[in-house]
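Asker: For reference, the chains in residue letters:
2 protein chains.
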Amino acid sequence: MAYELYYWDGLPGRGEFVRLALEEAGAQYIDVARQSPGMAAMMSVLKSRTEPHIPFAPPFLKDGDLIVSHVANILLYLGPKLGLAPKDESLRFVANGLQLTITDFVAEVHDTHHPLSTNLYYEDQKAAAKQRSADFIAHRIPKFLGYFERVLKQNPKGSDHTVGGGLTYVDLSLFQVFEGLRYAFPRATKKLAEDYPGVAGVHAMVKERPNVTRYLASDRRLDFNESCIFRRYPELDQDA
Amino acid sequence: MAYELYYWDGLPGRGEFVRLALEEAGAQYIDVARQSPGMAAMMSVLKSRTEPHIPFAPPFLKDGDLIVSHVANILLYLGPKLGLAPKDESLRFVANGLQLTITDFVAEVHDTHHPLSTNLYYEDQKAAAKQRSADFIAHRIPKFLGYFERVLKQNPKGSDHTVGGGLTYVDLSLFQVFEGLRYAFPRATKKLAEDYPGVAGVHAMVKERPNVTRYLASDRRLDFNESCIFRRYPELDQDA
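Line by line, the protein sequences are chains A and B. Residue -8 is where the first sequence starts when you use our numbering, and the numbers rise one by one after that. Residue -8 is where the second sequence starts when you use our numbering, and the numbers rise one by one after that.
These are calculated hints, taken from the structure and not from any lab test. It cannot be assumed that every hint is accurate.
Identical chains blur together in the list; that is why a pair holds if it fits in one copy or across any two.
As the list claims (entries may be wrong) - DSBU-like mimics (lysine-lysine), calculated; alpha carbons at most 30 Å apart, straight line:
no., residue 1, residue 2
1, 182, 198
2, 144, 38
3, 38, 53
4, 72, 134
5, 72, 182
6, 78, 53
The shape of chain A in the complex, shown without the other chains:
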């Protein structure tokens, strides 16, 4: 049975980390909210008064009766099934830890344009967004990417992958973060590949995976846009 992925239509957002894993593995899945009447189907799960295990928010995955929510949890669940998790059981906790660091990084990206409230428009928190973005560019990008650079360097199985000796969903997610940062902050990320050659190497390696290449060229891949987590607001961007 095909996996059912539930995520907002019209933006890559957090759903994209799951899509990349499904696409790389060539798994059968339905991107529910992008089909008619998909949004209604998604909302009916979110608002269900009978579902035994309700998610807090999209994305979530349905596999038969089981609903798994939160990106890192979905990838933890899918990883072994898709051949995208380390074989060594204990390394799966390492992979999950890395994925949760990416989760935190992505949440901080979101907060660059919504530092005060998700209930206010960006336009109503622009001054705070400028301050938060300046801090993000000066301190947080170097902190997070510097960390992944060290992770790659110290990986005993080689610096081509974030964990273990083969491709995992963590590598796919790191690719997506790298893409998103360069979309949202073109000025701040001008020298990103130079400054973080390890991360850039993972990005290039993922991009050349045949299934990923095919996916990126398909209409299943959504462009970044200003409904997404990664948004390009020139006034929030500055030289690093």
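Position chain B relative to chain A; hints supplied.
Answerer: For chain B alone, kept in the frame of chain A given last:
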């Protein structure tokens, strides 16, 4: 061999979610940074250039050679070993999803006093903190606790626990969130037990667990304070 928990000394913070699980289970553990020269030991792991799998930030757990980082990941790892995870394999993904929702909630609590930057003092982002806190009280507490209320109500194994029919680490974490919210926002949470009777029930149930009661009365339990995630700044509090 005893587990080694690494977390900043002097505050309950995120480490407390792990401590509560270890304490409830009566597990042997060393709270490394609270012993001399614990902080140096913690920093040497964080800054290590040789460790194969470095954490991004505390808390992290060492079990022999394995380092597991991020609260939800540590609890995922410890849960089955401590008898605090559902026995049903698929419910473990439900538990992890709930724990990750708590993770997001706790991150939002942190951002009530640090909405612009973790590199600035609270005093330097007080105006933004007021706006974010007002939004948190009006929208986010109801959204998160309302969700957990529904989770409890819809749990097919009964409303005494968040997942499955027995105590899990998720219940322990929900207890801690309830404690923290009432510490940080005494005015906003005045009617919390009334408004969220299910969550309040879990809180009361956890508090009466003999090992938890003993732990709370011990000097191993740290008080909330203004270095913690949950901080009491009267100017950020208001009636709900």
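Asker: If a hint holds in the structure, say so; if it doesn't, say that too.
Answerer: Evaluated hints:
Within a single copy, residue 182 and residue 198 get their C-alpha atoms as close as 19 Å, which meets the 30 Å cut-off; across copies the closest is 52 Å, which misses it. Taking CA atoms no more than 30 Å apart as the test, residue 144 paired with residue 38 passes between copies only; the shortest distance there is 13 Å, against 45 Å inside one copy. Only within a single protomer do residue 38 and residue 53 lie at most 30 Å apart by alpha-carbon distance; the minimum there is 15 Å, versus 40 Å between protomers. For the identical chains of this complex, residue 72 and residue 134 are neighbours neither inside a copy (32 Å) nor across copies (33 Å), given an alpha-carbon limit of 30 Å.
For a Cα distance limit of 30 Å, the shortest separation of residue 72 from residue 182 qualifies neither inside one copy, at 37 Å, nor across copies, at 45 Å. Both within a single protomer and between protomers do residue 78 and residue 53 lie at most 30 Å apart by alpha-carbon distance, with minima of 24 Å and 21 Å respectively.
Hint compliance for this structure: hints 4, 5 are not met, and every other hint is.
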